[in-house]
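A.B. asks: Here the protein sequences come in this chain order: G and Z.
Counting from 1, position 200 in the first sequence corresponds to residue 238 in our numbering; the numbering is continuous, with no gaps.
Counting from 1, position 379 in the second sequence corresponds to residue 383 in our numbering; the numbering is continuous, with no gaps.
No lab work stands behind these hints: they were computed from the structure.
Everything numeric in this text was worked out from a predicted model, so none of it was measured.
Heads up, the beta-carbon is just placed ideally off N, CA and C, and yes, glycines get one too.
Please note: incorrect hints may appear among the correct ones.
Stated by the list, open to error - DEER-style ranges, computed between Cβ atoms: (1) 510/G / 364/Z: 54 to 60 Å; (2) 213/Z / 510/G: 49 to 55 Å; (3) 472/G / 366/Z: 47 to 53 Å; (4) 515/G / 383/Z: 31 to 37 Å; (5) 288/G / 178/Z: 40 to 46 Å; (6) 213/Z / 77/G: 52 to 58 Å; (7) 366/Z / 511/G: 25 to 31 Å; (8) 414/G / 213/Z: 53 to 59 Å; (9) 213/Z / 469/G: 42 to 48 Å; (10) 445/Z / 118/G: 55 to 61 Å.
What the hints assert, rightly or not - Chain G is faced by these chain Z residues, among others (derived, beta-carbon under 8 Å): (11) 39; (12) 239; (13) 243; (14) 244; (15) 270; (16) 350; (17) 405; (18) 409; (19) 411; (20) 421; (21) 433; (22) 443.
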Amino acid sequence: MSSDVTSREGGAVKTPFDSRNGEPISPEAEVRSSLLIRVLPVGLVMLMFAGVTHQALQPLTDPDIWWHLRMGDELRDGWNFGQTQGWTPFATANWVRTQWLPEVVQSWINSAFGLPGVAWLFGVSLMVIVAVLYLVCRRQAGTLAAAVATAVGFIGMSASLSPRPHLVSFVLVLVCVDAWLQTAQDLRPRWWLIALTWIWACSHGMWFVGPLVGLTVTVGLVLDRRLRRGQAFQLFLVSILGCVAAGLTPVGPQLLRTPFAVGDISGFITEWAPPSIRDVAPAMTFAVFAIVVLMWTRGMRVPWTHVGLLILAMGWALLSARTVTLGAAIVAPLFAGSLQDLLPRARARVRRPEVASLAVAGFVCAIVLALAAASTSNVPGAVPIGLDSRLDNLPPKTVVLNSYAVGGWLLWRHPSLIPVIDGRTEAYTVPYLSDYGRAIAVVKGWQGIVKTTGARWALLQAGSPLATALTERLGWNSVDSDRGYVLLENPSEPPHDPTRP
Amino acid sequence: MLGYLLLIALGAVGLMLGIRPVGEQSAWLHLSIGRQLIGGGGFGRVDPWVPWATQPYIPTEWLPDVAAYKLYELFGLSGIAWLRAAGVLLLLAVTIWSARRLADTVPSLIAAGAALVGAGHALTARPQLLGFVLLSLAVVAWWQMASDLRPRWWLVPLTWVWASSHGLWVVGIGFGVVTIAGLALDRRLTWVSARRLLAVPALSLVAAALTPIGPALLLTPLTVGRDVRDFVGEWQASSAHDLATFVTLCMLALVALSWARSRRVPPWWQIAHLVVAFVATLAMERTVAVGAVVAAPLLAQTMQSWRGTPYVALPRRDAMAWLAMGVSALLIAVPLAATFAPRPTDVPTGLQSALSNLPAGTVVMEDTNMSAWVGWVAPQLRPVKDSRSEIFSRQQHLGYARLVAAAPGWDRILDRSGATRALVLTDSPLAAALHEREGWATVGTDDGYSLMGRP
Chain G
39 MSSDVTSREG GAVKTPFDSR NGEPISPEAE VRSSLLIRVL PVGLVMLMFA GVTHQALQPL
99 TDPDIWWHLR MGDELRDGWN FGQTQGWTPF ATANWVRTQW LPEVVQSWIN SAFGLPGVAW
159 LFGVSLMVIV AVLYLVCRRQ AGTLAAAVAT AVGFIGMSAS LSPRPHLVSF VLVLVCVDAW
219 LQTAQDLRPR WWLIALTWIW ACSHGMWFVG PLVGLTVTVG LVLDRRLRRG QAFQLFLVSI
279 LGCVAAGLTP VGPQLLRTPF AVGDISGFIT EWAPPSIRDV APAMTFAVFA IVVLMWTRGM
339 RVPWTHVGLL ILAMGWALLS ARTVTLGAAI VAPLFAGSLQ DLLPRARARV RRPEVASLAV
399 AGFVCAIVLA LAAASTSNVP GAVPIGLDSR LDNLPPKTVV LNSYAVGGWL LWRHPSLIPV
459 IDGRTEAYTV PYLSDYGRAI AVVKGWQGIV KTTGARWALL QAGSPLATAL TERLGWNSVD
519 SDRGYVLLEN PSEPPHDPTR P
Chain Z
5 MLGYLLLIAL GAVGLMLGIR PVGEQSAWLH LSIGRQLIGG GGFGRVDPWV PWATQPYIPT
65 EWLPDVAAYK LYELFGLSGI AWLRAAGVLL LLAVTIWSAR RLADTVPSLI AAGAALVGAG
125 HALTARPQLL GFVLLSLAVV AWWQMASDLR PRWWLVPLTW VWASSHGLWV VGIGFGVVTI
185 AGLALDRRLT WVSARRLLAV PALSLVAAAL TPIGPALLLT PLTVGRDVRD FVGEWQASSA
245 HDLATFVTLC MLALVALSWA RSRRVPPWWQ IAHLVVAFVA TLAMERTVAV GAVVAAPLLA
305 QTMQSWRGTP YVALPRRDAM AWLAMGVSAL LIAVPLAATF APRPTDVPTG LQSALSNLPA
365 GTVVMEDTNM SAWVGWVAPQ LRPVKDSRSE IFSRQQHLGY ARLVAAAPGW DRILDRSGAT
425 RALVLTDSPL AAALHEREGW ATVGTDDGYS LMGRP
């Protein structure tokens, strides 16, 4: 084999913790950068604020937002953290309130300001993600590299940015990664991460990603031989106590089991399906991975902490469409740091005017959002609101054979009705989900499954195989339709209460 | 000793993967094509099997199709199973060779074994397997050329054979161009050496145009499947949940992260190989094996670097012993194939006589997974659509999908097709719809399939 590899320039191997990429350059050593390079990148971030503002000025269409609102409404009315009683007799699996804190906030906002308020909250959350992403990248790079990494990272995160509590996870993972990257520099434990993990555990089921990031960095530091035994113990303790804190929320220790509950039912949930490189967000994220690795191979020797974080990010990005967002968030500061290495100018520290300008831009966008959302987001999107009056007239406890996408909306808007399925997939057993899938696909035995539900009414997508089969083969009547959904009635069956044996 | 044990284990795994009853749907399709070509028939403007197909079928894999059918005539399905085993063993042998040129025995065998797992989806009785054997040969050739900058002209006739066997030939040419580009970035090429190296892929392209298919073959990579990729499972993006994809990604990750941690800077041409492998692995299920084959020598070299010592070339005596073991494996495969793979699997053989007895020209609505087998055992029938996806329009694919799902309008699509029989999964929406709505009767069932007839 020919000797076609070369030693890295500079003789001795460098690490990213030397002055060029570690501590901020002191004022005396700060290099003057042109106004254009300082201003334009910040302008790009402001443009992103405007972009997410526009994204939020739409009717709310995520199918899960409705049952989250009902969760929050009911929790505020009694503060019972137990099972969601009386919603539907079909959801028989153990349901743990893993997202109660943002659900309560969302419910309060909705009570005070209606759906425009919820849309406003969504837009502000997106701006917070952009801002935190930029500041995290900025801690690793100058304005230009950080802005580019922010834009690319946001695209990578975009597939899962919907008005749901998981936005909290996406913000907090950025905060955690930044905190641990700082720890990787100064080796000091950030004990406040324990409290942050408690808040995270009250907000979303991905709380365990925080301790996982911590463990990854700590193991990396051990492999880099940068820790004394006492230091390693302290850093491991931060992650372990974070997990302990997660068991001390009002939900109780059962929260610690919830990360493992998704596995059995993931096959039924589209967003837990593997990502495709043909979609923009995964493609962008995988491209970032490739660029980071490419730069690492041509640059300085990379510490194990960075390698570990990259592996963690890749693992999340490859796991499912939903977790591509996590992978994009974790790799963003690494990408920013790699980009900074390509630039001739040293990283300038974060300046007060920079932060102030972003804060002002964010504030202005929030005002615009508040004013405009009243007209753009006051009615739900993607649900058949034209059928509301007919559904309101159905007797209480009427079972509705529904499409998955409208289950949450039925729970919130028509709480007296009983949908056969909704977006709380973990609340249903695997056999039930399998039967529902068979009925929707109209495979052999579908009639028996429909009969078992006791449904006399159906709210299904117009033209779906089940809607077609109900009308053509079982003689169900089409009563009305709206926004691509059709309301069907079985004229031959007497009313049946599935809550009775 | 460990090396020989690993080699025997890999060979045994290769034999196990190869010697199994024939059940791949593509196997029946390619046997049918071989029968058609040898019988003097062809594929003209009007398809001989599905007259309503909108595109003519181009038998781009004619060489292995003809060879496989000849082997079938002599030895039956056992011969096809043996051919599959031979392909797997040959792929393994070439991959081992590509790795052993860069690393000692143990790391090279580990890399080759990982590549075999990564190429798992390609280890089937179809011309694709030959395509991957030839790809692994091309990878070896380009590593040699990157090492000494001397062109390997034997790639040109190899590409002719490749272009007569499978569409992967275009990947071989692209791989060469990427390697040359990497060498240029490494500043190792002069104008003279660059021209000489570029002549290899250029002449390979010319060779591909000189097959009996003609220059039209050069356009098939651009046109085949362009409109219908969404309807073919193996053309969908791959998933890390799949073992082959996961193992291949692990191979690439080990190489990349080892480079990141190393004091040595890898050359651009090897980085280019890594990028090609990464993209191929994620692009679609069908190309994961490309990633695995390309990754094998990279991983072997990386693992050797962990040892900290230069590799020791395989002694001639050991090389002859390995070759003898390979030939022995091929010979052992003969009685094994005759014993374990004389009959097909995963097909409703219980319905074969009913299908064979149907009048010539009967239109049958066939499940996609069975159309090739039906075409093989009952060539007198006319399927609504068969597995040669590229000869049907997007409209036909959409109509077929609606029919299979019993979606609105399915009955009109069925009526327009003229189908009087259906071979469908017993537990399928269409089977339920035919029975409940149209009153079709079940003529027979076997292996999860039902043959139904119009009343």
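A.B. asks: Which of the listed hints are broken here?
C.D. replies: Numbers 1, 3, 4, 5, 9, 11, 12, 16, 17, 20, 22 - these are the hints that the structure violates, sorted from lowest upward.
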